Amino acid sequence: MIDKKDVEYAAGLAQLKLTESEKEKYTEQIGQILNYVDKLGELDTEGVVPTAYTVPMKNVLREDKVTESLPREKTLANAPDQKDGQFRTPKIMSD
Amino acid sequence: MNIFDLTIHELKDKLAAGELTAAEIKAAFSDRIAEVDPQVKSYLTVTDELSEKQLANYDSAKEAALAGIPIAVKDNMSTDGITTTCASKMLENYRPPYNATVVEKLNQAGAVIMGKTNMDEFAMGSSTENSAFFNTHNPWNLNHAPGGSSGGSAAAVAAGECAAALGSDTGGSIRQPASYCGVVGLKPTYGLVSRYGLVAFASSLDQIGPITKDVEDTAILMNVIAGHDEKDSTSVKREKEDYTAYLKEDVSQLKIGIPAEYFELDFDQEVKDSVLAAVEKLKEAGATVETVHMTDAAYALAAYYVIAPAEASSNLARYDGVRYGLRSEETADVTTMFTNTRYQGFGDEVKRRIMIGTYALSSGYYDAYYLKAQKARTLIKDDFDRIFNDFDLIITPTAPNTAIELGSKSDPLEMYYTDIFTVPINIAGVPAMSIPCGFDSNEMPIGLQLIGPHFGEGKIIQAAYTLEKLLALKNKRAEL
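The listed protein sequences correspond, in order, to chains A and B.
If you count the first sequence from 1, position 87 lands on 169 in my numbering, and the numbers rise without skipping.
If you count the second sequence from 1, position 87 lands on 154 in my numbering, and the numbers rise without skipping.
Hints were generated in silico from the structure; no laboratory data involved.
No false leads were slipped in.
Within a straight-line C-alpha distance of at most 27 Å, the following computed DSSO-like cross-link-like pairs (lysine-lysine) qualify:
1. K339/B - K121/A
2. K526/B - K448/B
3. K81/B - K315/B
4. K105/A - K156/B
So the derived label-pair ranges between C-beta atoms look like this:
5. A344/B - L143/A: 49 to 55 Å
6. G129/A - Q336/B: 36 to 42 Å
7. A159/A - T311/B: 39 to 45 Å
8. R385/B - K147/A: 25 to 31 Å
Note that the structure is predicted; figures quoted are calculated from it, not measured.
The beta carbon of each residue, even a glycine, is placed where N, CA and C say it ideally should be.
Between the sequences and the hints, there should be enough to build the whole structure, so can you do that?
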């Protein structure tokens with residue numbers, strides 16, 4: 083069964099801040115959902131090949147040639163912060 | 068009938084006959100939006116500037132399939148320079164730098180895009196109540212939800228706020244709201260319609276499709292939006308079909324399966340009776356109808372609630388406050404910025420699904436959840452393939468109930484259960500349509516689901532077209 087520590091761990095992986103009350107709520111709700119999902123254990127899947135996509139296709143390739151791409155100005159237009167034609171983030175390395 | 072009640076093909080006929088001009092049509096639908104949208108609240112954005120521009124092009128596009136036809140687009144399909152919010156605070160001010168392929172196709176077909184419709188945030192939900200902005204109301208009864216996640220699109224069609232709309236369907240998000248709003252909704256075969264520019268939720272399940280007032284309009288819209296797109300690597304290369312060629316009143320050659328296990332589930336008796344009565348009509352019209360046996364749909368729902376959140380947790384990792392979308396004011400360092408941005412930008416259901424998906428994919432649980440669900444997916448798909456070796460179509464209800472009252476369901480699992488009949492179709496990647504088959508004792512619409520084999524849209528359209536004629540419900544409109 084999932085506990086609060088599992089929820090905190092998953093939230094960390096997902097880069098998601100949660101309040102204490104959200105942690106408790108999600109522990110309970112996700113527990114119930116996973117409990118429902120455990121139903122899958124009743125299915126015999128011995129030797130069954132997993133399906134990722136239902137339409138059979140793989141290695142979809144295109145010609146390796148340069149085509150038009152979005153202009154830089156348009157691409158940056160939605161950026162919360164930018165400098166010198168680049169995306170700017172808060173500092174990544176600690177001091 | 069009012070102009071805003073007319074279907075695409077009726078509007079096209081009137082344009083061709085010179086009984087209406089494109090400007091009159093546009094004005095009628097704009098007036099209708101002004102009149103009823105304050106109550107129905109289908110639209111997140113009314114795209115006046117765009118629709119006026121498209122209308123101005125009418126004379127040069129007169130021969131195109133949708134010339135002068137007012138269409139609504141769900142707000143998870145990218146529109147160049149026009150806000151595409153996915154009903155999320157995360158994308159409240161996001162203006163995509165390009166058009167989704169389906170939007171390009173609508174443009175080329177001469178459509179007049181009236182606006183962007185409300186939805187559950189990032190298409191996660193079954194009632195449109197997960198919109199970060201406001202609720203949409205069911206035109207048949209404003210106290211009820213329109214269904215979801217394409218609730219705004221379905222409500223806009225039902226309320227005459229557009230001639231037809233596009234929705235997207237990951238686990239029932241076109242068909243369930245179409246059912247609740249008494250309109251027609253088709254989820255095409257996975258890969259038939261390009262997903263380029265559709266904001267990704269669960270990439271192996273998502274598919275764009277039409278929501279319309281009748282089956283003929285579905286065929287017309289499918290002719291416009293279906294087709295291979297090199298910008299979507301999962302889009303399928305196959306010869307273009309003319310879906311209007313299937314608009315025939317004939318089911319005598321069709322063999323239809325009725326899955327016993329689906330009808331044995333505990334759900335609304337009025338829905339069950341209405342769907343079975345419609346099946347009886349198809350039988351009288353010459354279709355062969357037989358009971359079939361399928362794996363319990365509950366396994367598909369269980370597999371869905373692993374696969375969809377897992378893919379969502381991965382797809383939604385991109386919302387980090389760097390390139391577009393919301394950025395939190397908390398910017399002491401980059402991790403603080405990431406976690407606060409995601410905390411402020413995502414709503415409750417989105418966070419819940421990111422959490423489930425992250426957990427199911429995390430080390431130690433991957434085999435038990437994600438791999439197991441993908442194996443279950445194979446069994447469910449094989450089940451459909453096996454039946455479609457002998458049968459042309461399968462019929463089930465679209466939803467186990469009619470539209471729920473707004474605010475009546477707060478338990479996530481209970482809400483998920485309204486997708487019990489629609490989810491298996493996305494898991495198998497096959498096409499399915501919801502068409503109205505009756506009304507319950509509260510005068511709320513009931514939907515019937517026609518499921519076909521991969522690329523069996525033609526057979527679905529033919530059977531649905533026949534059934535629509537037999538039931539004679541299609542001119543019934545919600546009164547507002």
